[in-house]
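*Asks:* Residues per chain, in single letters:
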Amino acid sequence: MLQLEGISRHFGGLPALDGVAFAVPRGRVTALIGPNGAGKSTLINCITGADQPTGGTVLFRGQNITGLPAHRVSRLGISRTFQNLRVFPRLSVLNNVLCGLTGEGGRSMIMAMLRLPALRHRERLLRLRAMEALDRYQLSDKATWPAAILAYGDRKRVELARATVSRPELLLLDEPVAGLNADETAAVGGQLKRLRASGHTILLVEHDMTLVMEIADQVVVLDSGRCIAAGTPTEVRRNPLVLEAYLGQTEACA
Amino acid sequence: MSGGRRGQLLYFIALHRTGLLVGLLAAALLVYPCLEDNPYTLGLTNLIAINGIIVLGLNLFIGYTGQISLGHAGFFALGAYGSAIATVTAGLPPWPAMALVAVLVGMIALVVGIPVLRLTGHYLAMATLGFNFVIHTVLLEWDEVTGGPSGFSGIPSLAVGQWAFDSEIRLHYLLWAVTMLCLLLSLNLVRSGVGRGLAALAGDETAAAALGVDTRLAKIKVFVLSAVLASLAGSLFAHSFGYLSPDSFGIFTSADLVTMVVIGGMGSIWGSLFGAGLITVLPEWVDLFETYKDFVHGTILVLVLMFLPQGLVSGLFDMIRIKIALRRRKNAAA
Numbered sequence: 001m002l003q004l005e006g007i008s009r010h011f012g013g014l015p016a017l018d019g020v021a022f023a024v025p026r027g028r029v030t031a032l033i034g035p036n037g038a039g040k041s042t043l044i045n046c047i048t049g050a051d052q053p054t055g056g057t058v059l060f061r062g063q064n065i066t067g068l069p070a071h072r073v074s075r076l077g078i079s080r081t082f083q084n085l086r087v088f089p090r091l092s093v094l095n096n097v098l099c100g101l102t103g104e105g106g107r108s109m110i111m112a113m114l115r116l117p118a119l120r121h122r123e124r125l126l127r128l129r130a131m132e133a134l135d136r137y138q139l140s141d142k143a144t145w146p147a148a149i150l151a152y153g154d155r156k157r158v159e160l161a162r163a164t165v166s167r168p169e170l171l172l173l174d175e176p177v178a179g180l181n182a183d184e185t186a187a188v189g190g191q192l193k194r195l196r197a198s199g200h201t202i203l204l205v206e207h208d209m210t211l212v213m214e215i216a217d218q219v220v221v222l223d224s225g226r227c228i229a230a231g232t233p234t235e236v237r238r239n240p241l242v243l244e245a246y247l248g249q250t251e252a253c254a
Numbered sequence: 001m002s003g004g005r006r007g008q009l010l011y012f013i014a015l016h017r018t019g020l021l022v023g024l025l026a027a028a029l030l031v032y033p034c035l036e037d038n039p040y041t042l043g044l045t046n047l048i049a050i051n052g053i054i055v056l057g058l059n060l061f062i063g064y065t066g067q068i069s070l071g072h073a074g075f076f077a078l079g080a081y082g083s084a085i086a087t088v089t090a091g092l093p094p095w096p097a098m099a100l101v102a103v104l105v106g107m108i109a110l111v112v113g114i115p116v117l118r119l120t121g122h123y124l125a126m127a128t129l130g131f132n133f134v135i136h137t138v139l140l141e142w143d144e145v146t147g148g149p150s151g152f153s154g155i156p157s158l159a160v161g162q163w164a165f166d167s168e169i170r171l172h173y174l175l176w177a178v179t180m181l182c183l184l185l186s187l188n189l190v191r192s193g194v195g196r197g198l199a200a201l202a203g204d205e206t207a208a209a210a211l212g213v214d215t216r217l218a219k220i221k222v223f224v225l226s227a228v229l230a231s232l233a234g235s236l237f238a239h240s241f242g243y244l245s246p247d248s249f250g251i252f253t254s255a256d257l258v259t260m261v262v263i264g265g266m267g268s269i270w271g272s273l274f275g276a277g278l279i280t281v282l283p284e285w286v287d288l289f290e291t292y293k294d295f296v297h298g299t300i301l302v303l304v305l306m307f308l309p310q311g312l313v314s315g316l317f318d319m320i321r322i323k324i325a326l327r328r329r330k331n332a333a334a
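Sequences listed follow chains A and B, in order. Its first residue numbered 1, the first sequence is counted upward by one per residue in our numbering. Its first residue numbered 1, the second sequence is counted upward by one per residue in our numbering.
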């Protein structure tokens, strides 16, 4: 589904990503892990067009999408959440989620201003879909609340609902459970499993190893901008390079 | 039983609140000239209508795409002088001239907007201010076309057949009809998918782009739309008053327009009309404000931005909305 070939991103002389290459297979959950500063978020930004890689190729369903602007990438069916939450505080929860359907609401400003019956009908359908998404994430009773007053966990779910409401082919989640308690984490884990069961392809950046081990089909480990390991969760857990990256010298532990 | 009916009524009102408010305002405007026949007062409310048109467009630009323009008096001027020159100098009929000028101004806004909207913040403010300055200087200096500092006079009234819009009452109906139309179109726009994309853009440009909003194109489109509205307002202004002076189109007019947006509140369509109304009548209410107008407007601007950065009306509205939601949250928890 998604193929990364030799992705590099240099900030000045400093390489944040250095020849990262791996594939995200369709219908699977691929977890991207690595210590802080390994380049995980930079990689997500390079895939989604929020940032441009200085080298390498991003292929999505065989199509070269390297360097496309973010809105074009989004319209191809790649959706994402942000590590530092980016919900729209002034909009209601429902409108936040409806923003996730921007690509389907029609783009003509003149049509929007005329508000013809066809457009109203489409609006009603979008609203229904957004309400369904709110339902899935247990947010229905808060639909009219401004997002500004939501608790942190709720905001995370609003972002997840917004990213998934359009049924994207590829979902990039940047630390979806960071800052959540154990119950909330388990709930998000359940939702991710449901997303996978309904055919979504997921690339998950996460520090929470319990979650990663539980739901990932494949784990890719990034350290200092390089891909140091890849494989099933069990394989990666036994890999000495990974232990070293996380814990320092392995000899000390042995 | 009656509680259920009352609930239904409340639900109906909540569901159709926008349409009901528009209808209410339209009805009030219809009967207003019967209650108030002082031409001076009517002239003032007519001016509110004209400013309202510009502020509606400008608020879409400032409040919905999160940008700033200190140059909209420039587009207002282009519309006004464009209509004046097209009808008086070139002898075109007023209505087609108005449309033609609006299209031309839209094209100018496109040409100005494409490079200028790459800028943000202070730089964008300065660039648009510069644009206004250039237009104002041209109006003053190019006197064989614009009449220079002494102004442009003898602009004909608009007319439908023999029926000319030449009295304050007739103008009231014409101007407010156009303003209400613009209000309706703006309300439709912000309640659509396109409008949500714009609200997303104002909230967070990165997130909006990730949701598929072409942020650069959206900014340019709204900029052009707001310029076209300012141009229409300018044409109406020219035909209503029959006389134009460059003084009406300086950078302080642009600053006043931004003040109207800020009073009304970023992204509040209804607030736009309120802001236009307040800032238009303020100098008339109090003589002191007449003399120190710019000072007073500046003070209002600074105070609002310090204490309610979302704008006065929508800032207060947001506060109430959050209060209500917080109380509901507490009730839900209890």
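Hints listed in this document are in silico derivations from the structure and should not be mistaken for laboratory results. Since the structure is predicted, the reported quantities are computational estimates derived from the model, not experimental observations. A virtual CB, placed ideally from N, CA and C, is assigned to each residue, including glycine. There may be inaccurate statements among the hints.
[To be verified] To spell it out: a stretch of chain B is covered by chain A in this simulated footprint if at least three of its residues, at any positions, have a beta carbon under 8 Å from a beta carbon of chain A; those stretches are: (1) 188–202; (2) 208–214; (3) 314–327.
*Asks:* Do at least three Cβ atoms from the segment 188–202 of chain B come closer than 8 Å to Cβ atoms of chain A?
*Replies:* holds (count 11)
*Asks:* Checking C-beta pairs, does the segment 208–214 of chain B have three or more residues closer than 8 Å to chain A?
*Replies:* Our answer is that it holds, as 7 residues pass the Cβ test (under 8 Å) against chain A, meeting three.
*Asks:* Is the listed coverage of the segment 314–327 of chain B by chain A valid when you require three or more residues with a beta carbon under 8 Å from a beta carbon of that chain?
*Replies:* holds (count 5)
No hint from the list above goes unmet by this structure.
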